[in-house]
Amino acid sequence: MTPGQFNQPKLRVSGATKVYSTRSGDLLAIDRCSLDVMDGEIISIVGPSGCGKTTLLWSMSGLHGLSSGEVLLDGAPITGPNPEIGMVFQDANLLPWRNLDANIRFPFEIKGTRPDRIWIDELLNRVGLEGFGGRFPRELSGGMQQRAALVRALSYKPSVLLMDEPFGALDAFTREEMNRLVEEIWLDTRTTIVLITHSIDEAIFMADRVLVLSARPGRVASVHEVPFARPRSLEIMSTKEVFDLTNTIKAEIVGERQSRYRQGGAAGAVGAQQATG
Amino acid sequence: MSETDAIPEFRTKAGRTDVGITNMSALTSGPGIRSAGEMLAILFVAVAVIGGTEVLLLVFEVPQYVLPRPSEIATALVVEFPQIAPHLGHTLVELLCGFAIGATVGLILAAVITQFPFVEKIVTPYILLLVTTPMLALVPLLILRLGFGYEPRIIAVALASGPMVMINAATGFRRVDQGKIALARSYGASTFQIFWKVRAPMALPMIFVGLMIGSIFGLLTAVGAEMVGGGFGLGNRLTSYSSMIQMPQFFAVVLILSILGILIYVTFFLLGKKFASWEA
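Those sequence lines, one after another, are chains H and S. Going letter by letter, the first sequence gives residues 383 to 659 in my numbering. Going letter by letter, the second sequence gives residues 4 to 283 in my numbering.
Watch out, some of these pointers could steer you wrong.
Part of the chain S face toward chain H, derived, beta carbon under 7 Å [said to hold, decoys possible]: (1) P120; (2) V122; (3) Q181; (4) G182; (5) A185; (6) R188; (7) S189; (8) Y190; (9) A192; (10) P204; (11) Y268.
Distance ranges between label pairs, derived from CB positions [claimed, not checked]: (12) H:D483 <-> S:S261: 35 to 45 Å; (13) S:F195 <-> H:S396: 44 to 54 Å; (14) S:I184 <-> H:R496: 21 to 31 Å; (15) H:D421 <-> S:F195: 56 to 66 Å; (16) H:D483 <-> S:L46: 54 to 64 Å; (17) S:T127 <-> H:V401: 54 to 64 Å; (18) H:D456 <-> S:K277: 18 to 28 Å; (19) S:K277 <-> H:D483: 12 to 22 Å; (20) S:S261 <-> H:G447: 51 to 61 Å; (21) S:I262 <-> H:H446: 24 to 34 Å; (22) H:G432 <-> S:S261: 53 to 63 Å.
None of these hints come from the bench; they were simulated from the model. Think of the CB as a built atom: it goes at the ideal place given N, C-alpha and C, for glycine as much as any other residue.
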């Protein structure tokens, strides 16, 4: 990966390390992760479960600090939640006691600013939720909830959108629809997007670059360019390039697990020794 | 979009089986009355039960001092109501004052204590003690110190209802959804904003449960305290009528207490439905 020398990355993560102290000792979640996200780029992060993807994303959003390393947004270090960053969470994370309108108003109530009604209506139209403002989250399907969450995250025009497995709970069709919707919105806004996902297909379809994290502790194992023009059609998913890329990434994620499995006996013995010693 | 027709209700999560305002009681789990036929059937059963009691008591010549007939209770209620009404007023004053004090203190304590887990650990045993101790036991002592006026009763009601409100509200406040808090924090919310905009609404269903249980406990304690001593209140009427073996009047007062209890329940149920219906 060679980031452009001439322009500053939108988001730069350098040497990000996060240690959680748990009852059973310190847990190294991510270890010296570095990546540059250019302005207007879409990056997907994939990796085996528990590899620290969410930890990395939360660090980027300023929701929690790093043990060492830093995150720079437009060159300035991120130390806490930043109005330039929008988050989309694993489940839609709508507040169940507020209807859709009030949910979208929520960020503005917290920030004490006035919502841009025209922009929000435009977003609602785009995601097909016009006229649903009075509905409560429980009255919306999973896809609609996630679309509402997307509108909420974009409502205050962040320049970076961080998405934490946003469509993991949706069925495959809704998921594809959501992927195209995000791309559509991206074509309009050119928001920088970092997307965490479990689906290699989704990662490739969405991203300019796919970042593969290793198993815990999370390290950047590899980065893959996805050289397809936008708007992309689902047909690219059946090209040989994507097929090969999918297999490469899969091998990286699964292969790593296999190698751990093969060494399982030895590793287990070491673990047992440590436990007794 | 194709979803514009009838929207089926989607449950956000199936695992939410906390106690909520809407699943507190079997009363609410029954479906609403659907048709005139159902209404008629319900009325018919009610008439049969009350009328049947009336007839049975007549046929077996049960003396009035053992169990008065429903018609006698109804008559006593109408005839004696002007005499009972002031006592009802006294009981309501005790209940309202005591409950207002108890619920306010309970809510504030719950909100503050749950913010500091360490304090909560220290305080919880005493709260449990207050919840499990029948506050009626303190009434003779309170009367000894404060006389036969409103004060001992109001204090007893507050002591009975407050811990109930507090322990339920605390359960609500403790029910933290880290995702929702992270969401608020991602917008830069302060601790205060997180409390008012996330924790408090989230606790609301449990707060209503607490208020409902607390007020019912308050009513029990108010009546109990009135039975212990003092010359006024519905509890005092109960002891007075029973000592004079005026059973229709006695049961009329019991009936008033039942209606009072149901009214309290329905009030908080409706309030809960209005303000905390999102959790069902």
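Hints, one by one, checked against the model:
1. This hint is violated: S:P120 has a C-beta 15 Å from the nearest C-beta of chain H, more than the 7 Å allowed.
2. This hint is violated: S:V122 has a C-beta 22 Å from the nearest C-beta of chain H, more than the 7 Å allowed.
3. Here the hint on S:Q181 is broken, as its CB sits about 10 Å from the closest CB of chain H, past 7 Å.
4. Evaluation of the S:G182 hint against chain H yields a held restraint, the C-beta minimum of about 5 Å falling below 7 Å.
5. Among the interface hints, the one on S:A185 holds; its C-beta lies about 6 Å from the nearest C-beta in chain H, closer than the 7 Å criterion.
6. This hint holds: S:R188 has a C-beta 6 Å from the nearest C-beta of chain H, less than the 7 Å allowed.
7. Hint status for S:S189 relative to chain H: holds, with the closest Cβ pair at about 4 Å, below 7 Å.
8. Interface hint status for S:Y190: upheld, as the beta-carbon distance to the closest one in chain H is roughly 4 Å, under 7 Å.
9. Interface hint status for S:A192: upheld, as the beta-carbon distance to the closest one in chain H is roughly 5 Å, under 7 Å.
10. Given hint, S:P204 at the interface with chain H, holds; its Cβ is 5 Å from that chain's nearest Cβ, closer than 7 Å.
11. Given hint, S:Y268 at the interface with chain H, is violated; its Cβ is 23 Å from that chain's nearest Cβ, farther than 7 Å.
12. At about 43 Å, the CB distance of H:D483 to S:S261 agrees with the hint of 35 to 45 Å.
13. A C-beta distance of roughly 34 Å is found between S:F195 and H:S396, which places it outside the suggested range of 44 to 54 Å.
14. Remark: the range hint 21 to 31 Å for S:I184 to H:R496 is upheld by a beta-carbon distance near 25 Å.
15. Checking the proposed 56 to 66 Å range against H:D421 and S:F195 shows it is violated: the Cβ atoms sit about 35 Å from each other.
16. Between H:D483 and S:L46 the CB atoms are about 43 Å apart, so this pair departs from the stated range of 54 to 64 Å.
17. The beta-carbon spacing between S:T127 and H:V401, approximately 32 Å, falls outside the hinted interval of 54 to 64 Å.
18. Take H:D456 and S:K277: their Cβ atoms lie about 47 Å apart, and the range 18 to 28 Å is violated.
19. Roughly 19 Å separates the CB atoms of S:K277 and H:D483, a value that falls within the hinted 12 to 22 Å.
20. Judged by the Cβ atoms, the range 51 to 61 Å given for S:S261 and H:G447 holds: they are separated by roughly 59 Å.
21. Roughly 55 Å separates the CB atoms of S:I262 and H:H446, a value that falls outside the hinted 24 to 34 Å.
22. The hinted window of 53 to 63 Å between H:G432 and S:S261 holds, with their beta carbons roughly 57 Å apart.
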